[in-house]
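Chemist: In case you want the letters, here they are:
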Amino acid sequence: AQKVTQAQTEISVVEKEDVTLDCVYETRDTTYYLFWYKQPPSGELVFLIRRNSFDEQNEISGRYSWNFQKSTSSFNFTITASQVVDSAVYFCALTETSGSRLTFGEGTQLTVNP
Amino acid sequence: NAGVTQTPKFQVLKTGQSMTLQCAQDMNHEYMSWYRQDPGMGLRLIHYSVGAGITDQGEVPNGYNVSRSTTEDFPLRLLSAAPSQTSVYFCASSYGIVQFFGPGTRLTVL
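Top line first, the protein sequences correspond to chains R and U. According to the working numbering, the first sequence is numbered sequentially starting from 1. According to the working numbering, the second sequence is numbered sequentially starting from 1001.
Hints were generated in silico from the structure; no laboratory data involved. Hints are not guaranteed to be accurate.
[Unchecked claim] Part of the chain R face toward chain U, derived, beta carbon under 7 Å:
#	residue
1	Y32
2	P40
3	E44
4	L45
5	R50
6	F54
7	G99
8	S100
9	R101
10	F104
11	G105
12	E106
13	G107
Here a beta-carbon is modelled for each residue, glycine too, at the ideal position from N, C-alpha and C.
Make the full structure from the sequences, and use the hints.
Modeler: Set out below in structure tokens:
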């Protein structure tokens, strides 16, 4: 069975601080995909990134970066110089090769205060 | 493209009533799915479909039925609503690995 754990239920930071959201996963599959989604206060789910299990390169996109470490089964997400617009619930998710069954973590509520 | 659309946006039901949540996509995606979102539990898969005429159960299928007669539509039916089905329901579709979600339906069962 697959499992995704986001141990941080809520995080509150002040604008311009850096913040890291943790994600730990469990799977028996050797090939799998990891994702991060953002859910702003308006409620929609926005896809941020996909990473497959064979690609452990870190990725940076603007103020966002992702650190995938297979050895520790972690896929952490860092926001640099946070902004109020980053306030949202962030979900980490996992799926096997077919992509038919996404397993989500519990989500982390990030609040960025001005 | 409208992407993934869901109707209604909000719904209030009484225990025992039935209803259908509608989901449609105009991207010709083969894969569609339904999730429910509850506080502190993330999203959980209810049912999914890998193509027209094919459906399968997810993690929490009890109390819900689905069918997939066309590529575009994937309705979710509640035959006899229960308070435990109060939740936000999301429909998603994908062609490859990445699933794209609709705006959600907030359902309250009294």
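Chemist: Are any of the numbered hints broken by this structure? If so, which, sorted upward?
Modeler: Going through the list in order, the structure violates hints 1, 2, 6 and respects the others.
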